[in-house]
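Residue numbers (UniProt numbering), protein chains in the order written: chain H, 1 to 336; chain U, 1 to 254.
Keep in mind that the hints were calculated from the coordinates and are not lab data.
Check the hints yourself; a few may be wrong.
The calculated DSSO-like cross-link candidates involving lysine-lysine, where the alpha carbons are at most 27 Å apart (straight line), are [stated by the list, open to error]: (1) U/Lys239 to U/Lys206; (2) U/Lys233 to U/Lys223; (3) U/Lys233 to U/Lys219; (4) U/Lys109 to U/Lys174; (5) U/Lys109 to U/Lys223; (6) U/Lys2 to H/Lys182; (7) U/Lys174 to U/Lys83; (8) U/Lys23 to U/Lys37; (9) H/Lys200 to U/Lys58; (10) H/Lys200 to U/Lys206; (11) U/Lys206 to U/Lys219; (12) U/Lys218 to U/Lys236; (13) U/Lys109 to H/Lys247; (14) U/Lys37 to U/Lys58; (15) U/Lys58 to U/Lys83; (16) H/Lys305 to U/Lys83; (17) U/Lys218 to U/Lys233; (18) U/Lys2 to H/Lys247; (19) U/Lys206 to U/Lys237; (20) H/Lys182 to U/Lys83; (21) U/Lys218 to U/Lys206.
Calculated from the model, a selection of chain U residues having no Cβ within reach of chain H, i.e. all distances over 10 Å [claimed, not checked]: (22) Glu10; (23) Glu143; (24) Asn201.
The model shown is predicted, which means the values in this text are computed figures rather than measured ones.
Even for Gly, the Cβ is constructed at its ideal location relative to N, Cα and C.
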Amino acid sequence: MLLKRYTGNLFLGILLFLLLAFFFLGDVFIPKAIDFSGYPMLHSVFVVFLGLFLESIPFLFLGAIASSFIQLFISEEIIQRMIPKRPLTAIFTAIGAALIIPVCECAIIPVVRRLIQKGVPVHAGVVLLVTAPILNVIVFGSTYYAFQNNPAILYGRIILCVLTAIIAGLFIHIFSTKDVVKEEKVELVHGHEHDIQSSKWTSFIDHASQEFFMVGRYFIIGALFASVFQVFMDRTVMADIGQAPIKGTALMMGIAFVLSLCSSADAFVAASFSHSFLPGSILGFLVFGPMLDFKNVLIMMSCFKRSFVVTYVLLVFAVVFSLCLIAGGLFSKGGF
Amino acid sequence: MKRLFIQRLEGLLLLGLGLMIFKLYVSGYLTKLIAPKMVPYALAALFAFLVISLLRMKKQKQGGQHCDCGTNGESSSSTLVLKYSLFFIPILLGFSLTDFTLSGEVLAKRGMAKQQAQMVSSYDSGKHANGEEISVTDDNYFEVLDDLLNNLDTIEGKEIELSGFIYREDTFTKNQMAISRLSMSCCVVDATLYGYMVNGNVEGMKTNDWYTITGTLKKGSYKGEPVPVIDLKESKKIKAPEEAYLYENVQIIQ
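Take the sequences, apply the hints, and build the full model.
Listed below in structure tokens is the structure:
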């Protein structure tokens, strides 16, 4: 026991030393030792990955904190009282909540997991997952600016998002089981009562940190994949398929999935596609991207059972795809 | 004991993440990865990481102790370290990278974006396009581009001066290049390329090098779209500026 403790601390000590060494000297030695200039693509993958990581990490952390706050300070009774019994009312309550909650996709997933554990019905949770990234003022603002010439895109984005939420929520209500949350060993441990105030705060920190590292692990894998696609995908070739409504929509949704952009930034990227793709396809990009992408799916894997993740992915894809085709039809008829 | 080990490992990683953000911020690299409006969030995260890392380092007293019943009991130390080791990727990258530019090949796969009348606060149409000499700065970049695109027919022969880096695509002839800038709205992931096509004797100008050029404008095309094109008159090589990116400032509608 003593020996183990000793090696553990030794290991950590060495780690701390290495961290500090890299902190002070990393940029002096590493570029000399490994020259990236021969591998511009690899270098760009690293840069993109680091950008994605730095952009998302504050929100991932916020999500972990919010989730452990719910876990420790909000009792199941309060939640039971707040959530309406009837499924449709619950869905609309969730949409309203999504409008108020100012978080995007990275933060919402652990929060929803915790809410479902606390007794929020799964369909309301799904509605939150679908709407929270899109229904907030920052996303409205950036979409508005990026598509000033074509406000129908902004309205379309909001309307399709709400419709997707309602359809997906009802579907989940009718077909899905309640048992969707991935059980963690940690969970059982922290089920104990924490009656002393100070211990509650300790376990709050404990929880938030554990949650952050669990979700962060998956996020890093997702972000690595996304940055490889970001760098290697040739967007100029895509333009040739852009004018076919069905293929174009599917393609734009696929691009949104692999690029893993943040929902408040994706409108500008969508705008850069808008001269080669139809408005219906652009909507596919704008609606599907925030709901699902590489990093999201991996974060979901860390929180939910695999069967639920698969159902959710297929369901959201099918609903958004068909809604976008309908919207595209309306666009081409000049209905807007 | 394993519990304490994990707790301290997490603390150490949080410290590493915090130091990574700190180093990037102090050295000024942070805004090459994320836009200025995201910096406060990163700094808040830095603060939170450092505080929590300190809390994680210290041995917990009685309070946290009764959480010590078999957490992570099944996984061995080595798998644990493996799970956490993923976090060393961003930490080490942040500590060691010094060059945060995207390579020209990567940009060529994205293509130049067409200006979408975006992020342009209201200005008098023709303000730039009707002036005799157009001088492009970081502040009026989008305004000028927007104005020129809207008044393509009247810009023939106007003088323009601007700085940017040289960008080329495979389809460009040897007398063609683009003088371009990258803009970001949240982070380097959504970096978008804007630019002007330039015609003239440009063979000697290397892709990705920064130049200030002067030339005369005319109407031309890029990928079938009408755009302003510059006939090169003079060019001067310059150093890449500190603020290489243009930031799209999205103001929330008031």
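Going through the hints against the structure:
no. : hint                 : result
1   : U/Lys239 to U/Lys206 : 13 Å, holds
2   : U/Lys233 to U/Lys223 : 24 Å, holds
3   : U/Lys233 to U/Lys219 : 16 Å, holds
4   : U/Lys109 to U/Lys174 : 19 Å, holds
5   : U/Lys109 to U/Lys223 : 14 Å, holds
6   : U/Lys2 to H/Lys182   : 23 Å, holds
7   : U/Lys174 to U/Lys83  : 51 Å, violated
8   : U/Lys23 to U/Lys37   : 18 Å, holds
9   : H/Lys200 to U/Lys58  : 16 Å, holds
10  : H/Lys200 to U/Lys206 : 61 Å, violated
11  : U/Lys206 to U/Lys219 : 25 Å, holds
12  : U/Lys218 to U/Lys236 : 21 Å, holds
13  : U/Lys109 to H/Lys247 : 21 Å, holds
14  : U/Lys37 to U/Lys58   : 34 Å, violated
15  : U/Lys58 to U/Lys83   : 22 Å, holds
16  : H/Lys305 to U/Lys83  : 19 Å, holds
17  : U/Lys218 to U/Lys233 : 13 Å, holds
18  : U/Lys2 to H/Lys247   : 53 Å, violated
19  : U/Lys206 to U/Lys237 : 10 Å, holds
20  : H/Lys182 to U/Lys83  : 18 Å, holds
21  : U/Lys218 to U/Lys206 : 24 Å, holds
22  : Glu10                : 5 Å, violated
23  : Glu143               : 14 Å, holds
24  : Asn201               : 26 Å, holds
Against the hints set out earlier in the document, violations occur for numbers 7, 10, 14, 18 and 22.
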